[in-house]
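*Asks:* Residue-level listing of the chains:
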Amino acid sequence: APASSAAAGPVDKILFDFPFTSLPIYAALTPQIQAEAKERGITVELTNDNSDLSTQVSNLTAKVASDVDAVISFPMDPASLENVASQYTAAGKLWITYAGDLEAQTTSLKFSFEKSGRMLGEAAGEWATQTTGGAGKVLVIEDQLTQIGRERTEGILAGLKESAPGLEVVSQQQGVTPEEGLTVTSAVLSSHPDLTMVLAATGDAAQGAYQAFLSSGRSETDAKTYVGGLDGNLPLMQAMTKSPDSIARALVTVKPEEIAPAVVDIAVQAGEGNTAPIDLPVYMLTPGTPELQSFITSFGG
Amino acid sequence: MGFGIRNLSKRYGATLALDDVTLDFKPGQVHALLGHNGAGKSTVIRCLGGGASPTAGTIEVNGEQKQRLTPRESREAGIAIIYQHLSLVDTLSVSDNLFLGDEHTSRGLVDQQRQRREAQEVLDRVGADFAPTARVSQLSMGARQLVEIAKALRRSARLLVLDEPTAALSPVESARLAALVDKLRTEGIAIVYVTHLLEEVVRLADHATVLQNGRVVWSAQMQGVSKADLVRAVGGSSHARQKNAPPAGATVLQLEGVVCGSAPPVDLSARAGEIVGLYGLVGSGRTRLLETVFGVRNRRGGRIVVDGVPAGTASPSEALRAGIALIPGDRLKQGLFSTLPASDNVVMPAIARLAAPFRKRREERGLFSQAARDLRLHPADPRLPAASFSGGNQQKLLIGRWLTAHDRVRVLLVDDPTQGVDVGARAEIYRVIRDAAVQRGIAVLVASNDPEEIVALADRCVIFQDGAAVADLDMESVDEASLLAAIHTSPTS
Amino acid sequence: MHSIADSPLRTFLLKNPLIVLLILLVVGVQLSTGSLLTWQNMRGVLLDASVIAIAAVPCALLIIAGYIDLSVGASLALGGVVAGHVMHGSLASAPLAVVLAMAAGALVGLVNAVLSTVLGLSPFITTLGMLTAVRGADQLLSPLPLSGFDASFQFLGIGSVAGIPVPVIIATLVMVLATLFLAATPAGRHVYAIGVSREAAFLSGIAIRRIPFFLYVASGAMAALAGAVTAARLNSAPAGQLGLGFELTVLTAILLGGIALTGGEGSMLGVLVGVLFLGLLGNSLTLLGVTSFWQNVASGLALVAAIGITAATHEVRKRVAARRAQLSAPATGPAAPAASRPESAEIGS
Amino acid sequence: MHSIADSPLRTFLLKNPLIVLLILLVVGVQLSTGSLLTWQNMRGVLLDASVIAIAAVPCALLIIAGYIDLSVGASLALGGVVAGHVMHGSLASAPLAVVLAMAAGALVGLVNAVLSTVLGLSPFITTLGMLTAVRGADQLLSPLPLSGFDASFQFLGIGSVAGIPVPVIIATLVMVLATLFLAATPAGRHVYAIGVSREAAFLSGIAIRRIPFFLYVASGAMAALAGAVTAARLNSAPAGQLGLGFELTVLTAILLGGIALTGGEGSMLGVLVGVLFLGLLGNSLTLLGVTSFWQNVASGLALVAAIGITAATHEVRKRVAARRAQLSAPATGPAAPAASRPESAEIGS
Ligand SMILES: Nc1ncnc2c1ncn2[C@@H]1O[C@H](COP(=O)(O)OP(=O)(O)OP(=O)(O)O)[C@@H](O)[C@H]1O
Ligand SMILES: Nc1ncnc2c1ncn2[C@@H]1O[C@H](COP(=O)(O)OP(=O)(O)OP(=O)(O)O)[C@@H](O)[C@H]1O
Ligand SMILES: [Mg+2]
Ligand SMILES: [Mg+2]
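Just so you know, the sequences run in chain order A, B, C and D. Per the numbering used here, the first sequence starts with residue 212, numbered consecutively. Per the numbering used here, the second sequence starts with residue 186, numbered consecutively. Per the numbering used here, the third sequence starts with residue 3, numbered consecutively. Per the numbering used here, the fourth sequence starts with residue 3, numbered consecutively.
Watch out, some of these pointers could steer you wrong.
Heads up, simulated EDC-like pairs for lysine to aspartate or glutamate below, C-alpha to C-alpha not over 16 Å straight-line [what the hints assert, rightly or not]:
| no. | chain 1 | residue 1 | chain 2 | residue 2 |
| --- | --- | --- | --- | --- |
| 1 | A | K435 | A | D476 |
| 2 | A | K326 | A | D490 |
| 3 | B | K412 | B | D209 |
| 4 | B | K518 | D | D152 |
| 5 | A | K453 | D | E201 |
| 6 | A | K326 | A | E256 |
Some residues of chain C that are not near chain D, with every Cβ distance over 12 Å (derived) [to be verified]:
| no. | residue |
| --- | --- |
| 7 | L121 |
| 8 | A139 |
| 9 | I160 |
| 10 | G161 |
| 11 | G165 |
In short, the hints are calculated from the structure, not lab data. We put the beta carbon where it would ideally sit given N, CA and C, even for glycine.
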């Protein structure tokens with residue numbers, strides 16, 4: 212529900228607030244947004260939230276009185292940002308929620324996390340049905356600390372269950388970084404040497420899992436092994452290009468080069484009074500995906 | 186009604202620091218506790234003050250027998266203690282320290298005004314010339330001692346315990362303290378007085394007890410007891426001056442117009458084998474001079490020449506390279522590695538010299554046992570942490586560090602060498618210093634507050650006043666009285 | 003005792019150089035952005051600073067007493083979660099929520115106190131262990147974020163009394179009480195004594211365990227209060243995200259305020275300056291539009307610079323005092339005030 | 003000196019109680035999961051532990067000397083990023099990558115060294131500032147992750163020599179060298195002396211700045227080496243994610259190993275035990291299938307328990323030594339070796 216469609220007016224300056232500054236996607240995305248905006252004569256400011264909720268709130272609060280016309284913010288905890296969002300809209304600015312919906316928002320840029328998780332789960336389940344008759348042991352590397360992580364994890368589990376009920380989820384472990392993925396997978400591999408699938412709520416953790424398989428002696432192209440994750444991850448995409456049989460079998464991701472125009476577009480459109488939300492597509496990347504190379508490029512590879 | 190201890194024992198690990206000791210402390214009497222370093226004197230005091238709990242026996246307070254005391258109980262029973270190692274809080278003011286743990290309050294808040302007023306009164310009583318608002322960290326050792334005494338007096342104690350109170354005091358301050366003790370005695374306070382200075386015992390004590398290895402070996406009223414009797418009872422040898430042949434070596438150390446801080450330039454020289462005493466009042470600048478020569482403090486001017494070569498002394502390690510070593514005065518703070526084993530404390534500066542390039546453990550052990558023997562270290566256990574040695578034995582560890590370690594030392598600077606050291610070891614330390622000077626042909630500067638020590642040790646004595654070297658006395662013609670006279674005459678007269 | 007008249011302001015500033023830096027920062031950023039000193043912006047800065055200050059004050063007292071509490075981040079989250087649960091429960095009442103949150107924090111503090119003061123375990127590692135354990139507990143208590151509270155509860159975070167935001171009032175109160183405690187009560191003096199030397203304090207008959215025990219409990223309770231305030235501000239209490247890394251923020255503010263980890267020194271004014279400095283630094287970098295990775299570089303270097311300037315001024319102050327003492331005091335008088343051990347400078351402590 | 007025969011093993015275990023806990027942990031988890039002691043699993047644990055150990059060793063030396071380095075997490079990432087850049091550059095060569103990574107880390111160490119030892123600023127806050135600043139620099143150097151390295155470089159992380167993984171070899175080497183350094187060189191002894199009392203060390207002519215200076219440089223270089231190893235293991239070097247929170251892991255391992263933050267005590271064996279304990283604890287919880295929130299609770303409590311048991315054994319050891327000495331020694335004999343400072347126990351330190 213657009214709280215303030217009255218705040219129409221040309222958008223000259225936008226604030227892009229993406230809190231997870233340590234993620235590679237942050238570094239991939241921001242220059243593209245800046246380039247896109249520049250082409251249209253719009254300036255972009257960035258925040259530095261260091262993946263910390265209270266820093267995000269402080270930084271956004273500090274900018275309420277500034278001359279930005281629109282903010283595109285990825286809320287670390289949606290409820291916590293309602294207040295800030297209403298301050299922005301009250302100040303006559305546009306609030307665009309990135310990956311979520313707030314009551315006080317002008318509009319939103321949607322990514323369905325549950326859906327992308329489900330896509331991965333279903334793809335993995337189908338693969339298992341085809342190659343192993345739907346049997347096998349699965350490790351799910353989850354992220355219970357953030358809202359999006361929880362949604363993704365739910366999607367993965369639901370997708371798996373629907374498409375291959377015979378799969379056994381032997382362990383669910385917290386992990387978001389490559390190091391965490393590596394450590395956790397190594398440990399689970401030792402209690403379940405016959406582990407065949409790892410699905411991770413982040414591509415980075417999936418990459419750690421991939422390395423764990425390799426260093427446990429699993430072949431890069433082992434026919435019965437499946438590693439999949441959410442979000443682009445360069446090393447995994449590169450592994451996919453190396454061989455069609457790579458155990459890096461699936462990544463569900465958005466396309467940075469679609470996000471950048473969308474971010475600028477939605478702000479401009481909202482400024483013009485059009486507050487329809489934009490739904491960004493997600494893509495399933497597999498070793499056979501033809502545009503793999505273009506994804507690699509847009510992720511900075 | 187009185188105070189005392191009955192069959193008191195205290196064990197530290199394997200050390201029986203007190204072994205069935207019974208003592209009475211009577212009102213209006215000064216009871217002196219004597220004995221070698223590590224005999225158990227401070228342990229008696231720690232038991233009285235609640236700093237240690239006895240293993241067996243009882244403590245009598247006001248006619249009541251107690252198994253142990255907490256510090257608070259001890260204080261409430263009227264016991265006031267001045268510990269051997271001062272227990273003041275550096276970051277607080279004098280008056281805060283005086284009332285620590287016993288503050289005057291009004292409506293729950295500290296009554297600063299009243300505290301300052303009372304602090305001023307008690308500071309006046311001990312003759313202190315600093316304000317109650319001064320921070321303790323800004324006071325000299327002597328002044329801190331006065332704070333401790335004032336702290337004890339303030340509580341109108343009925344048993345006052347002083348553990349080597351004069352070890353860091355000048356003769357003037359000691360005399361002032363003696364007068365205070367006399368006055369308190371007439372007020373009916375029982376006093377326990379620990380010291381290694383037998384003069385003080387003769388002058389002050391009504392009763393004396395000698396401890397040895399935690400046991401009472403001698404105890405008597407002081408009427409008719411002479412200093413010689415005490416020396417015999419303590420088991421030390423009196424350290425009469427053994428005259429060496431006057432040193433005829435070449436000049437080893439020359440200070441040419443050395444300026445430290447705001448003091449006037451100092452010229453001074455010492456020859457091989459010569460021991461030069463530095464004598465003066467508290468704050469007369471001896472420590473500062475020694476620290477400047479050793480590179481601890483910035484030298485503002487002048488030259489330091491060792492064996493004819495100008496020595497750079499920008500830091501202690503440079504000074505050491507130039508052949509200058511210092512045994513610092515505030516040894517516990519400036520010297521002791523309290524948690525490291527005794528052997529490390531002794532051999533630390535020697536480790537690097539012995540190593541080639543790896544450490545030579547056997548030689549290190551040899552050095553330690555040599556020092557332990559020379560200085561009668563007790564216990565002579567290299568593995569015991571330095572903190573668990575008695576005060577005097579900690580001093581010995583540090584003296585041992587410098588008297589054994591450095592072959593290359595040409596100049597030895599010694600600040601207050603026998604502070605807190607017992608009579609027997611005192612003689613040993615003098616012998617070790619003298620031997621080092623004569624046999625190794627090094628020049629020694631000894632700063633001391635004890636005229637007796639200067640007489641016993643020095644070949645020559647330089648008198649300090651207000652940071653300046655005002656007189657140079659040949660010790661052949663000097664005794665303690667003339668030394669005392671020298672520091673109290675003004676340099677202009 | 004000073005024979006040369008010195009302006010009290012100058013002495014004060016020499017003693018608290020960070021204040022000068024703070025003023026320079028404020029003036030500089032205000033001139034270049036024009037928006038630092040707006041009421042709106044300062045309100046945000048003060049609100050952030052208040053939350054830090056509420057938890058930092060008892061923590062600073064612990065450090066002065068020679069202890070440390072690294073578990074405040076988890077206690078903060080605990081406070082938020084407990085308050086959130088109460089507000090979503092059947093007895094929803096803002097005062098009850100605050101009281102129970104503080105009680106839960108106090109419980110964590112109690113465990114810290116028993117471990118560190120009664121059992122004498124290393125405060126650093128026990129409170130670090132508690133940080134991890136309590137953080138786990140927070141998430142178990144509230145795996146999903148609680149949000150959407152009564153206005154009565156939100157008042158704690160976004161309300162104002164006489165135009166002053168409630169968290170600022172609380173922080174001011176805490177700070178004033180702590181200042182009074184330190185300066186004017188016996189226990190306050192004892193905090194310093196314990197920090198300098200537990201042994202000396204013990205021998206003076208001071209309750210060397212009871213005071214830090216109480217401070218640990220206070221630290222837990224205050225961190226939880228800060229958590230309740232944060233939850234009220236956010237109108238949400240996400241267990242996994244509240245107070246992440248908060249312990250380091252608090253510690254940094256305290257250290258910036260000139261309170262040494264070795265204990266025995268420091269003042270509440272220092273804490274205030276440290277907290278404000280941290281808050282204004284982050285805010286200024288954001289207002290200046292410094293890009294994100296450069297912000298990290300800049301704020302890290304600013305920390306180093308701040309501590310460097312404090313140390314340098316300290317040095318200057320000592321020199322000045324020493325020179326002045328030389329001029330005024332007789333050479334044989336008692337050691338001059340403030341002229342402390344020249345050696346230590348050379349050792350570079 | 004011991005009149006009652008005691009088994010050296012028993013003495014050893016009483017001195018290093020964490021080893022007992024470690025063994026109990028291993029046996030318990032092995033019995034209930036059957037997979038802890040598989041080669042596959044131990045290999046994983048050892049690899050993780052090696053990375054921690056490489057950085058923890060010089061860090062522990064710094065702590066023994068009374069300093070601290072909190073910037074190791076950022077130096078680790080820096081090492082990974084620099085090595086990654088070299089491997090993607092025109093001169094791609096694994097040895098060069100390692101050397102340049104270590105040089106970059108050493109540079110960070112150098113800055114820390116100048117700030118903390120030469121200028122004498124608070125090591126805690128300066129290295130904390132450097133942590134933030136260097137982390138920012140890491141991300142500026144490599145905003146996008148570098149990945150896909152030569153096999154020659156990956157060998158550093160996943161290769162083996164004679165069946166032993168390369169990181170384990172490196173860690174062992176570092177540990178052995180440090181043990182030798184501490185025990186057999188004068189500088190090693192000086193580290194303890196400086197840690198106990200800088201002033202006393204200074205007056206003993208010890209290079210009180212040079213030694214910690216060198217240790218800071220070593221700490222930076224070794225953390226960067228650990229970073230290169232990690233990058234090789236992961237086959238990628240994501241600047242923002244490498245070594246997040248690593249400084250706390252390292253510090254925890256060191257403290258668990260019985261090295262006190264006050265300086266002056268500790269051994270490399272302690273670091274080894276601490277590192278292994280941390281690694282095995284996390285691994286065991288994963289093997290046992292404990293869910294993530296409970297893992298936090300359990301590992302926090304395990305830390306507290308570990309430090310508690312160490313302290314309790316210490317106490318027992320003192321008592322035993324005292325009793326034994328009473329039985330065997332004559333009343334006035336020298337003190338037993340292990341009986342240190344009973345008062346301090348009475349003060350409850
Ligand atoms: N904390 C301790 N731990 C172990 N042993 C101790 C401890 N304190 C004292 N001792 C031992 O107890 C014995 C008695 O020490 P005490 O301090 O009472 O001696 P003292 O007579 O005061 O000696 P000094 O004249 O040197 O001060 C010594 O052998 C000493 O090593
Ligand atoms: N820690 C200090 N800080 C500042 N000034 C000091 C300090 N210690 C001594 N002084 C000053 O330096 C001057 C010389 O003192 P020094 O300690 O060298 O005298 P001393 O002859 O060794 O006396 P003492 O008997 O106290 O050892 C005195 O004016 C004293 O006030
Ligand atoms: Mg004694
Ligand atoms: Mg002196």
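*Asks:* Now, for every hint given, state plainly whether the structure supports it.
*Replies:* Tested hints:
no.	hint	in the structure
1	A:K435 - A:D476	violated (44 Å)
2	A:K326 - A:D490	holds (12 Å)
3	B:K412 - B:D209	violated (22 Å)
4	B:K518 - D:D152	violated (57 Å)
5	A:K453 - D:E201	violated (62 Å)
6	A:K326 - A:E256	violated (30 Å)
7	L121	violated (7 Å)
8	A139	violated (6 Å)
9	I160	holds (30 Å)
10	G161	holds (33 Å)
11	G165	holds (35 Å)
The earlier numbered hints that this structure contradicts are 1, 3, 4, 5, 6, 7, 8.
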